[in-house]
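K.L.:
Letter by letter, the chains look like this.
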Amino acid sequence: MESRDLSDAISLIKWMKQSNLDVLYLRMGEMTLDLKRYAEEERKTDTGSAENIKQQSEKPILSPRLGIFFRSAKPQDRPFAEIGQRVQADDCVCLISVLDQRCCVTAGVQGRITEFFAQEGQLVEFKQPIFAIKGEESDEIKQP
Amino acid sequence: MNKIKSVLVANRGEIAVRVIRACQELGIEAIAVVSDADKVSLPARMADRVLCIGPAQANKSYLDISTIVTAALGAGVDAIHPGYGFLAERPDFAETCVKHGLIFIGPNALHIRQMGDKLLAREIAEGLNIPVIPGSCLVRDFSEAVKFGEKTGYPLLLKAAAGGGGRGMKILQGPEGLKFLFGEASAEAGAAFGDNRLYVERYVPNARHIEVQILGDCHGNIIHLFERDCSLQRRYQKILEEAPSAALTSRQRSEVCEAALFIARQIRYENAGTVEFIFDQDEARFYFLEMNTRIQVEHPVTEMITGLDLIKEQILIAGGSPLRYSQADITTRGHSLECRINAESPERKFCPSPGRITQWQTPGDPIVRVDSHCYEGYVVPPFYDSLLAKIIVHGEDRREAIERMQKALARFLISGVETTIPLHRRILMDDAYRAARINTCWLENVFLGDEKI
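Chains as they are written, first to last, in numbering that gives the first Met the number 0: chain Y, 0 to 143; chain E, 0 to 452.
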């Protein structure tokens, strides 16, 4: 790595600190830079004990993309999940429909659904909170 | 009565601001779509409604057709304005809009497809007896290019059939090294357009880039708004544009404008488009180059000399209104220049310079226009092109426009990011530029030539 590359990398890191970006992946010629900012919550999870995780309260699940929100596969079908229902991390909780594609949003963590923030058929934005889940003890906490 | 009451602006940066302003002037609701990196931005602040469509990466946000069309349907808009770049010249985008009952503010998918394929566009022009640069059909491999070179001589220009923006473009000085350049061009074209087809044409060394603005409605009315000269380019990217061209006689001007109008009429083109020509200054001849089926970055210089608002006209035409002007209504006055101010460091090989803008003071001189999405405190993200602003001036003649631009550039104070303002100030002081003794290679080979760009 040339010294200029290094100073470029350092100024990029400084720049990222000022910005509101969480992830920066950059490949320029032979240089690759992969930066990730750890949010407060994640930092706690990373260093925290099982106790911390157990005490974790409601976690809002964000929409992985912009689209139309549906709680069931077809209008006459029963919803995938109801409020208060216990779900596994990879259970499908709702659908986000984008033209003719439909993507399933999983619970991400094991726990109980406490609230839905979006209405059936509503347009939701990228990263808009769509439901909340109260996590139970689990090895893994993932965000879609 | 115009059918368009609300518009989704499928773009970012200065052009998103420009389209939102036109909507506001027409009393039309404007919906901005933004990536995660653009949630805090001027278009987001100005629009009536903002929708976040995806992460910073353009292919998951501004280039995602399904997501943008879903946003438009969800928000209940009548029309989509694509701006320039991103999806503006994707026929499948125009098609998807129409399929879902949305008005695409631009030409129809057929015209985007026909004119986007450079070989097809060349064929159409040739069929209309418009001169095209002597060239080949497709060259499948380097040996075909060598054969063509033996027949016509060098230098030649290798180009991508699906091309644009200089990607896949190589100047061939002779058969030596041709195999290598062919491989490089083919790989570049494949990576940029998903289409590695190449063709060769005679290279015109002393050329001007002249383009003619066209407006057509769905009732068969088509007019031209005279030409722009975009000969100042670096790596096939335009840097400074002007209207009218200082290189043309009035006879040449009407010749090129009529040729552009003829092509647009014959294909029954609708909405705003630009027919591009190469003007060979040694032979005083025009050659058709391509047609751009969108609004262009440099459209303001045409607005300045004709007094029309092109974005407003685009929206009105798309909504079914007949053109408000006949060809006889279009006259030009004076001279206009546009400087593209990029967040780049001219001292460091034009390396991008993203970051937080700590000072942003625009010039307030009369007849100076600044099209920009930037403000003090704005963080220029590193994910997109580096255009910060366009400064556009008008003068009674070219000389006055140059003087006015120099003052405007000196009074444009930007800190926090490096910009191309110093480069523009040096160009405007150069004797060759002031005397209009330039061509498309001048900036790169002569003006910046010593600087080993």
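A portion of the hints provided could be inaccurate.
[Stated by the list, open to error] What follows is a list of derived Cβ distance ranges for each label pair:
#1 Y:ASP33 / E:GLN358: 25 to 35 Å
#2 E:ASP140 / Y:CYS91: 22 to 32 Å
#3 E:GLY193 / Y:LYS133: 18 to 28 Å
#4 Y:SER10 / E:LYS38: 55 to 65 Å
#5 E:TYR83 / Y:ARG101: 46 to 56 Å
[What the hints assert, rightly or not] Calculated lysine-lysine pairs in the DSS-like style (CA-CA distance at most 27 Å, straight line):
#6 E:LYS237 / E:LYS98
#7 E:LYS98 / E:LYS4
#8 Y:LYS16 / E:LYS38
#9 E:LYS59 / E:LYS2
#10 E:LYS146 / E:LYS98
#11 Y:LYS126 / Y:LYS58
#12 Y:LYS16 / E:LYS348
#13 Y:LYS13 / E:LYS406
#14 Y:LYS126 / E:LYS59
#15 Y:LYS58 / Y:LYS16
#16 E:LYS348 / Y:LYS13
#17 E:LYS311 / E:LYS237
#18 E:LYS311 / E:LYS348
#19 E:LYS38 / E:LYS348
#20 Y:LYS16 / Y:LYS126
#21 E:LYS406 / E:LYS98
#22 E:LYS38 / Y:LYS126
#23 Y:LYS16 / E:LYS146
#24 Y:LYS58 / E:LYS38
#25 Y:LYS73 / E:LYS237
#26 E:LYS59 / E:LYS146
#27 Y:LYS13 / Y:LYS126
#28 E:LYS98 / E:LYS2
#29 E:LYS4 / E:LYS311
#30 E:LYS59 / Y:LYS58
#31 E:LYS146 / E:LYS237
#32 Y:LYS126 / Y:LYS73
#33 E:LYS38 / E:LYS59
#34 E:LYS4 / Y:LYS13
#35 Y:LYS58 / Y:LYS133
#36 E:LYS348 / E:LYS2
#37 E:LYS150 / E:LYS98
[As the list claims (entries may be wrong)] A partial selection of chain Y residues facing chain E, derived with a Cβ cut-off under 8 Å:
#38 ILE12
#39 TRP14
#40 LEU65
Just so you know, the hints here were simulated from the structure itself, not pulled from any lab data.
Here a beta-carbon is modelled for each residue, glycine too, at the ideal position from N, C-alpha and C.
K.L.:
Hint by hint, say whether it matches the structure.
P.N.:
How the hints compare with the structure:
1. Checked against the hint of 25 to 35 Å, the pair ASP33 of chain Y and GLN358 of chain E passes, with Cβ atoms roughly 32 Å apart.
2. Range check, ASP140 of chain E to CYS91 of chain Y: about 51 Å between beta-carbon atoms, so the 22 to 32 Å window is missed.
3. The hint said 18 to 28 Å for the Cβ distance between GLY193 of chain E and LYS133 of chain Y, and at roughly 46 Å that hint is violated.
4. About 24 Å separates the C-beta atoms of SER10 of chain Y and LYS38 of chain E, a value inconsistent with the hinted range of 55 to 65 Å.
5. For TYR83 of chain E paired with ARG101 of chain Y, a C-beta distance near 32 Å fails the hint of 46 to 56 Å.
6. For the given pair, LYS237 of chain E sits about 35 Å from LYS98 of chain E by alpha-carbon distance, which is inconsistent with the 27 Å threshold.
7. At roughly 19 Å between alpha-carbon atoms, LYS98 of chain E and LYS4 of chain E fall within 27 Å of each other, so this suggested pair holds.
8. For the proposed pair LYS16 of chain Y and LYS38 of chain E, the alpha carbon gap of about 17 Å is at most 27 Å, so the pair holds.
9. As the CA atoms of LYS59 of chain E and LYS2 of chain E are separated by approximately 30 Å, the hinted pair breaks the 27 Å bound.
10. Distance check on the hinted pair: LYS146 of chain E and LYS98 of chain E sit about 46 Å apart at the alpha-carbon level, beyond 27 Å; violated.
11. Among the hinted pairs, LYS126 of chain Y with LYS58 of chain Y is consistent with the structure: their alpha-carbon atoms are about 13 Å apart, no more than 27 Å.
12. Pair hint LYS16 of chain Y plus LYS348 of chain E holds up; C-alpha atoms about 26 Å apart against a cutoff of 27 Å.
13. Distance check on the hinted pair: LYS13 of chain Y and LYS406 of chain E sit about 34 Å apart at the alpha-carbon level, beyond 27 Å; violated.
14. For a cut-off of 27 Å, the pair hint linking LYS126 of chain Y to LYS59 of chain E stands: about 13 Å separates their Cα positions.
15. Under the criterion of a C-alpha separation no larger than 27 Å, the hint pairing LYS58 of chain Y with LYS16 of chain Y is consistent with the structure, at around 26 Å.
16. Proximity of LYS348 of chain E to LYS13 of chain Y is assessed by CA-CA distance (about 22 Å); at most 27 Å being required, the pair is judged to hold.
17. Pair hint LYS311 of chain E plus LYS237 of chain E holds up; C-alpha atoms about 24 Å apart against a cutoff of 27 Å.
18. Our distance criterion of 27 Å between C-alpha atoms is broken by LYS311 of chain E and LYS348 of chain E, whose separation comes to about 38 Å.
19. Our distance criterion of 27 Å between C-alpha atoms is broken by LYS38 of chain E and LYS348 of chain E, whose separation comes to about 30 Å.
20. Distance hint between LYS16 of chain Y and LYS126 of chain Y is fulfilled; the C-alpha atoms sit about 21 Å from each other, no more than 27 Å.
21. The straight-line distance between the Cα atoms of LYS406 of chain E and LYS98 of chain E is roughly 49 Å, outside the 27 Å bound, and the hint therefore fails.
22. Taking the CA atoms of LYS38 of chain E and LYS126 of chain Y, the gap is near 12 Å; set against the 27 Å cutoff, the hint holds.
23. This hinted pair does not check out: LYS16 of chain Y and LYS146 of chain E have alpha carbons roughly 56 Å apart, beyond 27 Å.
24. Taken as a hint, the LYS58 of chain Y and LYS38 of chain E pair is honoured in the structure, with Cα atoms around 23 Å apart against an allowance of 27 Å.
25. The straight-line distance between the Cα atoms of LYS73 of chain Y and LYS237 of chain E is roughly 52 Å, outside the 27 Å bound, and the hint therefore fails.
26. Distance restraint check for LYS59 of chain E and LYS146 of chain E: the Cα-Cα separation of roughly 43 Å exceeds the 27 Å cut-off, and the hinted pair is therefore not satisfied.
27. With a C-alpha separation of about 26 Å, the suggested pair LYS13 of chain Y and LYS126 of chain Y falls inside the 27 Å cut-off, and the hint holds.
28. As the CA atoms of LYS98 of chain E and LYS2 of chain E are separated by approximately 17 Å, the hinted pair is consistent with the 27 Å bound.
29. Only pairs whose Cα atoms come within 27 Å are accepted, and LYS4 of chain E paired with LYS311 of chain E is accepted, the gap being roughly 13 Å.
30. At most 27 Å may separate the alpha-carbon atoms for a hinted pair to count; LYS59 of chain E and LYS58 of chain Y meet this at roughly 25 Å.
31. Under the criterion of a C-alpha separation no larger than 27 Å, the hint pairing LYS146 of chain E with LYS237 of chain E is inconsistent with the structure, at around 32 Å.
32. Taken as a hint, the LYS126 of chain Y and LYS73 of chain Y pair is honoured in the structure, with Cα atoms around 24 Å apart against an allowance of 27 Å.
33. For the hint linking LYS38 of chain E to LYS59 of chain E, the alpha-carbon distance of about 15 Å falls within 27 Å, and the restraint holds.
34. Taken as a hint, the LYS4 of chain E and LYS13 of chain Y pair is broken in the structure, with Cα atoms around 44 Å apart against an allowance of 27 Å.
35. Under the criterion of a C-alpha separation no larger than 27 Å, the hint pairing LYS58 of chain Y with LYS133 of chain Y is consistent with the structure, at around 6 Å.
36. The hinted pair formed by LYS348 of chain E and LYS2 of chain E fails the criterion: a straight-line CA distance of about 48 Å is larger than 27 Å.
37. Using a Cα cut-off of 27 Å, the hinted pair LYS150 of chain E and LYS98 of chain E is violated, with the two alpha carbons roughly 48 Å apart.
38. Taken as an interface hint, ILE12 of chain Y does not check out: its beta carbon lies about 12 Å from the nearest beta carbon of chain E, beyond 8 Å.
39. The interface hint given for TRP14 of chain Y is met, as the beta carbon of that residue sits about 5 Å from the closest beta carbon of chain E, less than 8 Å.
40. Hint status for LEU65 of chain Y: holds, given a least beta-carbon distance of 5 Å to chain E, under 8 Å.
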